[in-house]
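A.B. asks: Residue numbers (my numbering), protein chains in the order written: chain A, 234 to 686; chain B, 234 to 686.
Treat each hint with caution, since some may be false.
The following label-pair restraints were derived from C-beta to C-beta distances [unchecked claim]:
1) Gln528(B) x Ala647(A): 53 to 59 Å
2) Pro479(A) x Ala312(B): 20 to 26 Å
3) Asp676(B) x Thr645(A): 29 to 35 Å
4) Pro274(A) x Cys308(B): 35 to 41 Å
5) Thr645(A) x Arg669(B): 54 to 60 Å
6) Trp657(B) x Ala647(A): 43 to 49 Å
7) Ser595(B) x Arg507(A): 58 to 64 Å
8) Glu456(A) x Glu613(B): 49 to 55 Å
9) Gly622(B) x Glu300(A): 28 to 34 Å
Once the Cα atoms are required to be at most 20 Å apart in a straight line, the calculated SDA-like pairs of lysine to any residue come out as [what the hints assert, rightly or not]:
10) Lys579(B) x Trp304(A)
11) Lys489(B) x Gly425(B)
12) Lys272(B) x Gly523(A)
13) Lys235(B) x Trp304(B)
Quick caveat, the hints were computed from the structure, so don't treat them as lab data. Here the structure is a predicted model, which means the values were calculated and not measured. Backbone N, C-alpha and C fix where the C-beta goes; we use that ideal spot for every residue, glycine too.
Protein chains: 2
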Amino acid sequence: MKGPSASPLLTDLYQLTMLQAYWQHRMHDSAVFELFVRKLPPQRAFLVAAGLEQALDFIEQARFDDEELGWITRCGTFAPGFADWLRELRFSGDVWAMPEGTVFFPNEPILRVVAPIAEAQWLETRILNLVHFQTVIASKAARAVLAADDRPLIDFGLRRAHGSEAGALAARAAYLAGFAGTATAYAGPRFGIPVFGTMAHSFVQAHDDEAQAFMHFAASFPENAMLLIDTYDTVEGARRVAEIAPRLAQRGIRIKGVRLDSGDLDALSRAVRRVLDDAGLRDTVIFASGNLDEQRVHALVTAGAPITSFGVGTSLTTSSDAPYLDAVYKLQEYAGRARRKRSTGKATWPGRKQVFRCLDESSHCVGDTVALTTETFPGEPLLAEVLRGGRRVAPSPPLAVARAHCAAQLATLAPALRRLDPPWPSYPVMISPAIRALADDVDHRQATAALAQ
Amino acid sequence: MKGPSASPLLTDLYQLTMLQAYWQHRMHDSAVFELFVRKLPPQRAFLVAAGLEQALDFIEQARFDDEELGWITRCGTFAPGFADWLRELRFSGDVWAMPEGTVFFPNEPILRVVAPIAEAQWLETRILNLVHFQTVIASKAARAVLAADDRPLIDFGLRRAHGSEAGALAARAAYLAGFAGTATAYAGPRFGIPVFGTMAHSFVQAHDDEAQAFMHFAASFPENAMLLIDTYDTVEGARRVAEIAPRLAQRGIRIKGVRLDSGDLDALSRAVRRVLDDAGLRDTVIFASGNLDEQRVHALVTAGAPITSFGVGTSLTTSSDAPYLDAVYKLQEYAGRARRKRSTGKATWPGRKQVFRCLDESSHCVGDTVALTTETFPGEPLLAEVLRGGRRVAPSPPLAVARAHCAAQLATLAPALRRLDPPWPSYPVMISPAIRALADDVDHRQATAALAQ
Numbered sequence: 234m235k236g237p238s239a240s241p242l243l244t245d246l247y248q249l250t251m252l253q254a255y256w257q258h259r260m261h262d263s264a265v266f267e268l269f270v271r272k273l274p275p276q277r278a279f280l281v282a283a284g285l286e287q288a289l290d291f292i293e294q295a296r297f298d299d300e301e302l303g304w305i306t307r308c309g310t311f312a313p314g315f316a317d318w319l320r321e322l323r324f325s326g327d328v329w330a331m332p333e334g335t336v337f338f339p340n341e342p343i344l345r346v347v348a349p350i351a352e353a354q355w356l357e358t359r360i361l362n363l364v365h366f367q368t369v370i371a372s373k374a375a376r377a378v379l380a381a382d383d384r385p386l387i388d389f390g391l392r393r394a395h396g397s398e399a400g401a402l403a404a405r406a407a408y409l410a411g412f413a414g415t416a417t418a419y420a421g422p423r424f425g426i427p428v429f430g431t432m433a434h435s436f437v438q439a440h441d442d443e444a445q446a447f448m449h450f451a452a453s454f455p456e457n458a459m460l461l462i463d464t465y466d467t468v469e470g471a472r473r474v475a476e477i478a479p480r481l482a483q484r485g486i487r488i489k490g491v492r493l494d495s496g497d498l499d500a501l502s503r504a505v506r507r508v509l510d511d512a513g514l515r516d517t518v519i520f521a522s523g524n525l526d527e528q529r530v531h532a533l534v535t536a537g538a539p540i541t542s543f544g545v546g547t548s549l550t551t552s553s554d555a556p557y558l559d560a561v562y563k564l565q566e567y568a569g570r571a572r573r574k575r576s577t578g579k580a581t582w583p584g585r586k587q588v589f590r591c592l593d594e595s596s597h598c599v600g601d602t603v604a605l606t607t608e609t610f611p612g613e614p615l616l617a618e619v620l621r622g623g624r625r626v627a628p629s630p631p632l633a634v635a636r637a638h639c640a641a642q643l644a645t646l647a648p649a650l651r652r653l654d655p656p657w658p659s660y661p662v663m664i665s666p667a668i669r670a671l672a673d674d675v676d677h678r679q680a681t682a683a684l685a686q
Numbered sequence: 234m235k236g237p238s239a240s241p242l243l244t245d246l247y248q249l250t251m252l253q254a255y256w257q258h259r260m261h262d263s264a265v266f267e268l269f270v271r272k273l274p275p276q277r278a279f280l281v282a283a284g285l286e287q288a289l290d291f292i293e294q295a296r297f298d299d300e301e302l303g304w305i306t307r308c309g310t311f312a313p314g315f316a317d318w319l320r321e322l323r324f325s326g327d328v329w330a331m332p333e334g335t336v337f338f339p340n341e342p343i344l345r346v347v348a349p350i351a352e353a354q355w356l357e358t359r360i361l362n363l364v365h366f367q368t369v370i371a372s373k374a375a376r377a378v379l380a381a382d383d384r385p386l387i388d389f390g391l392r393r394a395h396g397s398e399a400g401a402l403a404a405r406a407a408y409l410a411g412f413a414g415t416a417t418a419y420a421g422p423r424f425g426i427p428v429f430g431t432m433a434h435s436f437v438q439a440h441d442d443e444a445q446a447f448m449h450f451a452a453s454f455p456e457n458a459m460l461l462i463d464t465y466d467t468v469e470g471a472r473r474v475a476e477i478a479p480r481l482a483q484r485g486i487r488i489k490g491v492r493l494d495s496g497d498l499d500a501l502s503r504a505v506r507r508v509l510d511d512a513g514l515r516d517t518v519i520f521a522s523g524n525l526d527e528q529r530v531h532a533l534v535t536a537g538a539p540i541t542s543f544g545v546g547t548s549l550t551t552s553s554d555a556p557y558l559d560a561v562y563k564l565q566e567y568a569g570r571a572r573r574k575r576s577t578g579k580a581t582w583p584g585r586k587q588v589f590r591c592l593d594e595s596s597h598c599v600g601d602t603v604a605l606t607t608e609t610f611p612g613e614p615l616l617a618e619v620l621r622g623g624r625r626v627a628p629s630p631p632l633a634v635a636r637a638h639c640a641a642q643l644a645t646l647a648p649a650l651r652r653l654d655p656p657w658p659s660y661p662v663m664i665s666p667a668i669r670a671l672a673d674d675v676d677h678r679q680a681t682a683a684l685a686q
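So that you can see chain A by itself, here it is in the shape it has in the complex (with noise of 0.2 Å):
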């Protein structure tokens, strides 16, 4: 069967039974869902909105299939003639949305759905799937970006990512946060993202001397190889590319640079760059890695190792500090009457809604207004349409143009939000008077109801 990607059956059961009952009871009004992030995990101090071209690219082409409807027909859960509804679903609605790249933050919708509920409501689970993990490794690699201080950083981590699509998607996310590029080589042809390789220990351990090694590769890459220099003693790997540089040289092949994936990077760094530039290879580079997250890559830059970029992996692609955020897809309104629920923890804002976000005279963001979107605040509006009646109103940005929206967003941060650690202040969210008295409207209604019937 299709892979699940693009099937309407990658979702939770619940949506459909919910669709059989909106059917079956005529339910068909529109309803306004809003996708936000109820509180940040304890590392994070904001967040980067990502994910949004996957997620429209989802929601104009889905659609079930013969073998899904088939299945839909046969799992015995659901009632006749569901499945030839099923058939015909399309998603007809709009979407508002902040671009790719805008820093958020709790209680914020990033993503805004009005269409009759059922078309709404079938795709939540995936939209939901593609903007959290986006969101989340663009919220990590943003903070390893700031943390490098303009030095490059790669994307190194598809090993453990989470299946296929999250080592791709990590890889782009990484990408739109500030990353350099990546080495997941399908993110090349498939996003444009520059792609960079190096070599890897079992290349070294298969010729019977590192030198040998060197040399094959080398000669393979004449004018950018990247030689690992770890795989038996870093500072003796060092001193065997100082040694054959020169042989190199003269067969015009140069050494481009040198990768270090072990032991006290900023001790053996240095180490290397003595050994490299007594041998006069001055512009051969250092390059790092090796369990880094952004914490090491700043310790490292702070202390002046001479490490010209780095390679961050698994921390990256699975976010492991913060595997996941509290973001969630909230019925706000359903037949022009707002909605909440109250649970426990877990109260909902209800209305439709923009926010509004001021900049102070140094560009710093200083704080944001959630409000409902018949109100206007100061400040610029961050959400925007992007699908009317099913269909994009315009192509998606290329992926250069959502990074340098995100490098700008990123330069509005306050020098305190920027910082890797907390404490950090807490940032202004207002929610307006107009979204707290609809609260409140709505709970006596709800109360009101309850007695009633």
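Given chain A, work out where chain B should sit, using these hints.
C.D. replies: What follows is chain B alone, placed relative to chain A:
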């Protein structure tokens, strides 16, 4: 272009640069790579092998298509003719592996690949990506299964899984480890896993009163409606269920259960149980969800909360307390000679290996020996041949068989290892004297080669 899941471009670029070097330098001898976990995360006492079936599917089918080869030709990294050589590349080697569901420990190979070095190197990244992820999830899920003490668990985590493949494969890995099923519809037709669904808060909110929502949903699923009762007030929600139940019963509609998704689940489940029992609804079960993990499930079970089954979501599908393992795929032999790396903190044991496991008279596993394949030790050998000459020696076992194997494996864990929290006893994994002697030989040979150059 092709999605990432079946693309051999979903790999680290360095696998391809190394392939070019192997090709140019005519290094086509046989290599042995082994996949193992270097150490346990602090939150795990044991691991559960999973993902083999998908890895073997990938290995059997891996080949480059024209579009992928076109990018390799155009991207500027590779030599003329390399893409033509890649076009013919197929995996022709052998694979040995632990069956899915096998419990294992650090330094034990769970998969061994023997093939011409380019073929084995080529597929490293995706093999790791597939086996690592499902092993992460199965290992996490097994903890929840042990914690739940035979109460059924349902995977609820698709929305915050890391992409589509992670969502689908997490459902599979959790079921393999003993979950009763998943909310992910796709996993039904794709893997034959039982799929469960209730209703969401949005369904309740879309109705002007909660009782009406319950009536609608129950009417649509007259035999197995599970009603979500915490949208406004959980105990009030239970009272509403009690009120409408007689009216529904007259129409032949039975409420199967209620779901709690927020608040103090222990106290609320007891209060709800009383309300339901007082109304004669003793067969109406209570299902609980909401930020659950194995710790919270265990606490509720231990406290005797009247909850029949649990939905476990984000903590499961992201393995949030240990979102990755230190899983690696390392060259252990090339051209008939054992190989090892000695990088700080990342040294490997050379040679091609088997793992033998001993059980005591209570059928608890008491110690493993990692040995060369030429050795024999007491106990059961855990790796079996699964692929020969690039083809499976037998079809992968049905998921139900792997699930039964996993249950049997978990039963071999001594009580001390089944505990949820550290400190755990260190499980004995002995490295055979022959492997240690081989490591010394390899080091000596490598040092001699380095001196001789």
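A.B. asks: Next step is simple, just say for each hint if it's right about the structure.
C.D. replies: Hints versus structure:
In this structure the supplied range 53 to 59 Å is violated for Gln528(B) paired with Ala647(A), their Cβ-Cβ distance being about 37 Å. Distance hint check for Pro479(A) and Ala312(B): the Cβ-Cβ separation is about 24 Å, which falls inside the suggested range of 20 to 26 Å. For Asp676(B) and Thr645(A), the hinted distance range of 29 to 35 Å is not satisfied, since their beta carbons lie about 54 Å from each other. Checked against the hint of 35 to 41 Å, the C-beta distance between Pro274(A) and Cys308(B) comes to roughly 37 Å, which is consistent with it.
Between Thr645(A) and Arg669(B), the C-beta spacing of about 58 Å keeps the proposed range 54 to 60 Å intact. The supplied range of 43 to 49 Å is met by Trp657(B) and Ala647(A), whose beta-carbon atoms lie about 45 Å from each other. Against the hinted window of 58 to 64 Å, the Cβ-Cβ separation of Ser595(B) and Arg507(A) comes to about 59 Å, which satisfies the hint. At roughly 53 Å, the beta carbons of Glu456(A) and Glu613(B) sit within the given window of 49 to 55 Å.
The hinted range of 28 to 34 Å is satisfied by Gly622(B) and Glu300(A), whose Cβ atoms lie roughly 33 Å apart. A threshold of 20 Å between alpha carbons decides the hint, and for Lys579(B) with Trp304(A) the separation of about 48 Å lies outside it, so the pair is violated. Taken as a hint, the Lys489(B) and Gly425(B) pair is broken in the structure, with Cα atoms around 23 Å apart against an allowance of 20 Å. Distance check on the hinted pair: Lys272(B) and Gly523(A) sit about 15 Å apart at the alpha-carbon level, within 20 Å; holds.
Restraint check for Lys235(B) and Trp304(B): satisfied, since their Cα atoms lie roughly 13 Å apart, inside the 20 Å limit.
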